[in-house]
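Peer 1: Residue-level listing of the chains:
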Amino acid sequence: GAGVSQSPSNKVTEKGKDVELRCDPISGHTALYWYRQSLGQGLEFLIYFQGNSAPDKSGLPSDRFSAERTGGSVSTLTIQRTQQEDSAVYLCASSQEGANYGYTFGSGTRLTVV
Amino acid sequence: AQTVTQSQPEMSVQEAETVTLSCTYDTSESDYYLFWYKQPPSRQMILVIRQEAYKQQNATENRFSVNFQKAAKSFSLKISDSQLGDAAMYFCACEVNSGYALNFGKGTSLLVTP
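Read top to bottom, the protein sequences are chains A and B.
Per our numbering, the very first residue in the first sequence carries number 1; after that it's consecutive.
Per our numbering, the very first residue in the second sequence carries number 115; after that it's consecutive.
In isolation and in its complexed conformation, chain A is listed as follows (with noise of 0.2 Å):
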């Protein structure tokens, strides 16, 4: 695709429930990262995945969160058993190799846990 896209845009879910975060990088980039950005925070390093393999998950914040890289393509985040801390913006970002020439970004994912 012509950039880094994102769903859902905004997400609204209850306490409890399991949520899942879908990124569709650009074609031909091999490199993937997910990061969180909570309201007035900086943006916290999640995962990074080259091709399906995740070479670094220490990121994750707990063991509620997973990721997953199926084709070297799309990728999901999923979050089980939400909570309220769990409530951030949610960037994907994607590189032809590595952050050497920095990433490209999609517009996010803004999750609320109610």
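Certain hints may be false.
[Said to hold, decoys possible] Lysine-lysine pairs mimicking PhoX-like chemistry, simulated, CA-CA at most 25 Å apart: (1) K57/A - K11/A; (2) K11/A - K220/B; (3) K184/B - K169/B; (4) K220/B - K184/B; (5) K220/B - K57/A.
To be clear, the hints were calculated from the coordinates, so they are not data collected in a lab.
Start from chain A and add chain B according to the hints.
Peer 2: Relative to chain A, chain B alone:
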């Protein structure tokens, strides 16, 4: 831990004037990359400028330029001839861990007044 610090939560500039946004970072690498991103209300992060640490020449992109002081680990962004469309959050970022991810500061909110 590699950290990026933006000491100005908010800045204001008049249209057509010049403003400088500050950023300091901490890294143990000798060769790395630095970035400034702009985030307008649409949430999409846009790459403004990129600096390679081994290059002494400061990067420039049209009205945007940086003052890169490697020894001081300082990387400020100068916006000349400010325009209303420059109003946004600006994030400084440093490449970490041999290029697989970016570490972001907490951002500076720039207000441009007519």
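Peer 1: All the hints need checking, so say for each whether the structure fits it.
Peer 2: How the hints compare with the structure:
{"no.": "1", "hint": "K57/A - K11/A", "in the structure": "holds, 24 Å"}
{"no.": "2", "hint": "K11/A - K220/B", "in the structure": "holds, 24 Å"}
{"no.": "3", "hint": "K184/B - K169/B", "in the structure": "holds, 10 Å"}
{"no.": "4", "hint": "K220/B - K184/B", "in the structure": "holds, 21 Å"}
{"no.": "5", "hint": "K220/B - K57/A", "in the structure": "holds, 22 Å"}
When each numbered hint is compared with the structure, no violation occurs for any of them.
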